[in-house]
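Undergrad: So you can see what is in the structure, the chains are spelled out below.
Protein chains: 2
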Amino acid sequence: MEVSTLLTSYVARVERGLDQLLPAAESRPARLHTAMRYSLQAGGKRLRPVLVLAAAELFPAEGRPDPLPAAVAVECVHTYSLIHDDLPCMDNDDLRRGRPTVHKAFDEATALLAGDALLTHAFALLATGYGAQPALATALVRELGAAAGSRQLIGGQMEDLLAEKKADATPEELEFIHLHKTAAMISASLVMGAIIGGADQTAVEALRTAGRHLGLAFQIIDDILDATTDTATLGKTAGKDAKAGKTTFVQLHGLDASRRFAGEHTQKAVAALARLPGDTAFLSSLAHDMGQRAR
Amino acid sequence: MEVSTLLTSYVARVERGLDQLLPAAESRPARLHTAMRYSLQAGGKRLRPVLVLAAAELFPAEGRPDPLPAAVAVECVHTYSLIHDDLPCMDNDDLRRGRPTVHKAFDEATALLAGDALLTHAFALLATGYGAQPALATALVRELGAAAGSRQLIGGQMEDLLAEKKADATPEELEFIHLHKTAAMISASLVMGAIIGGADQTAVEALRTAGRHLGLAFQIIDDILDATTDTATLGKTAGKDAKAGKTTFVQLHGLDASRRFAGEHTQKAVAALARLPGDTAFLSSLAHDMGQRAR
Numbered sequence: 001m002e003v004s005t006l007l008t009s010y011v012a013r014v015e016r017g018l019d020q021l022l023p024a025a026e027s028r029p030a031r032l033h034t035a036m037r038y039s040l041q042a043g044g045k046r047l048r049p050v051l052v053l054a055a056a057e058l059f060p061a062e063g064r065p066d067p068l069p070a071a072v073a074v075e076c077v078h079t080y081s082l083i084h085d086d087l088p089c090m091d092n093d094d095l096r097r098g099r100p101t102v103h104k105a106f107d108e109a110t111a112l113l114a115g116d117a118l119l120t121h122a123f124a125l126l127a128t129g130y131g132a133q134p135a136l137a138t139a140l141v142r143e144l145g146a147a148a149g150s151r152q153l154i155g156g157q158m159e160d161l162l163a164e165k166k167a168d169a170t171p172e173e174l175e176f177i178h179l180h181k182t183a184a185m186i187s188a189s190l191v192m193g194a195i196i197g198g199a200d201q202t203a204v205e206a207l208r209t210a211g212r213h214l215g216l217a218f219q220i221i222d223d224i225l226d227a228t229t230d231t232a233t234l235g236k237t238a239g240k241d242a243k244a245g246k247t248t249f250v251q252l253h254g255l256d257a258s259r260r261f262a263g264e265h266t267q268k269a270v271a272a273l274a275r276l277p278g279d280t281a282f283l284s285s286l287a288h289d290m291g292q293r294a295r
Numbered sequence: 001m002e003v004s005t006l007l008t009s010y011v012a013r014v015e016r017g018l019d020q021l022l023p024a025a026e027s028r029p030a031r032l033h034t035a036m037r038y039s040l041q042a043g044g045k046r047l048r049p050v051l052v053l054a055a056a057e058l059f060p061a062e063g064r065p066d067p068l069p070a071a072v073a074v075e076c077v078h079t080y081s082l083i084h085d086d087l088p089c090m091d092n093d094d095l096r097r098g099r100p101t102v103h104k105a106f107d108e109a110t111a112l113l114a115g116d117a118l119l120t121h122a123f124a125l126l127a128t129g130y131g132a133q134p135a136l137a138t139a140l141v142r143e144l145g146a147a148a149g150s151r152q153l154i155g156g157q158m159e160d161l162l163a164e165k166k167a168d169a170t171p172e173e174l175e176f177i178h179l180h181k182t183a184a185m186i187s188a189s190l191v192m193g194a195i196i197g198g199a200d201q202t203a204v205e206a207l208r209t210a211g212r213h214l215g216l217a218f219q220i221i222d223d224i225l226d227a228t229t230d231t232a233t234l235g236k237t238a239g240k241d242a243k244a245g246k247t248t249f250v251q252l253h254g255l256d257a258s259r260r261f262a263g264e265h266t267q268k269a270v271a272a273l274a275r276l277p278g279d280t281a282f283l284s285s286l287a288h289d290m291g292q293r294a295r
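Taken in sequence, the protein lines are chains W and C. One point on numbering: in our numbering, the residue at position 3 of the first sequence is 3, and numbering is uninterrupted. One point on numbering: in our numbering, the residue at position 43 of the second sequence is 43, and numbering is uninterrupted.
The shape of chain W in the complex, shown without the other chains (with noise of 0.2 Å):
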């Protein structure tokens, strides 16, 4: 199947259990549902549950479960991470995707119980949708626990919080922030995918690394974009980061260095998926076609 129809199949059936595996909106209460649906169908590009599900399938269907329970977790960690991050008290965003942010369209008290609730609900999804495999289940929940606890996800966006009140954040300490704030995460969904798929040790870790170096490139991307496109291309406030007083890759490196950094993440990206065993021509495809957005 060509690339771009297997891309549309993924999110397809993320889109289909992101809406079979939350709360139904009228359920009680149903403002809090309202909005966490609300931030979860403001769409995006699913980048996490897909890399999910596709890794997955790089191992044998035979006796496999279901990535989907997994990718829709992974969803809502990246959601309520970014519902959390939208509020005042963080980069105060009005908008997302192209849409207000949920502190907007609902209020702050409720974005902030809703970005609460998400994250609860991806390791209960766990704990129920792998209930009938308990050592997937514990290794799922700990693999999501440790990509969004205080030592990677949270501690990557203290610091980058941290790192705003100073002049001039290091290339150092902005590479700490990209790999705890977006490649661990990246990172993860390709890991739980791996699992789910029966990995042993080594692809877990050849699919670890993929998603580091990923995850950078996807970051450091981001930064040109932001430093490169207007803001009804880009969905969401442009220069944003520049103007908070932020730090950028592109700003520490300039534009060239950037793009030559994506660039080269990216290859140890298709370097490490191709240390694996199964079909990555998709995942390698994607990363390729990540890099050439900032082209």
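Simulated from the structure, these hints should not be mistaken for laboratory data. Zero decoy hints are in this set.
Pairs involving identical chains hold if they fit within one copy or between any two copies, as the list cannot separate such chains.
With a Cα cut of at most 16 Å, we get these calculated EDC-like pairs of lysine to aspartate or glutamate:
no., residue 1, residue 2
1, Lys246, Asp168
2, Lys165, Glu108
3, Lys45, Glu15
4, Lys165, Asp107
5, Lys45, Asp289
6, Lys246, Glu173
Bear in mind the structure is a predicted one, so any value in this text is a computation, not a measurement.
Knowing the structure of chain W, use the given hints to seat chain C on it.
TA: For chain C alone, kept in the frame of chain W given last:
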């Protein structure tokens, strides 16, 4: 062992567990980990984790896994909910357990992230602490995920906020809030202890019922104390609920009826405990003592 001695020893175990099972304050990002520990170290009654330990010990010791990681997980969830509840967009409280709240001692963004991190850590802790018993780990994540989720704890907080905006909450709405915001986590604490103890379904349900009544009694007593005690004794802003326009149990039913309701729920909790096999003297006494606070 006397009840107060046993309580002291349970609390001491919880305090040690909190110290051992949380990331070190100095590990990067130190500000985040320091805020997480600051909020946990504020003391408090440790009611929920003590219930986990005491419920587990109703069942035979042989082969029983250590309930401490689950006790710490439950306290992490409780503490995260307090941190987020205290934020300016929620109850906007400056004082908690006699000390500045986390957003006052640090800042709002750090408080938001520390809460997120404690919630995430709770689930990670269950998956790592019971990693050798994955069926148990999965059952615990499922129980905690449900109790802390949008249909229970967070749902109760959302309804609480919605009720504030109306002139008066109805008795039904107030019970919904108490059941979800308070009783769900108290019930889950007892149930998680029971699951660790290897309880059968009948015992699990008896503890769930006991927790429900204990939780309702606890919340009614909290309302009574809020209406009758000064700030210094309470360690948090007294009379705050009434001032915030929140409907309290005391407002709806008066002091006398509130005391009677609290007593009835305490009795029902004790009756449910009496149906259990092991030695329930400690838990029954705890329920009784709690009821005495409001006399």
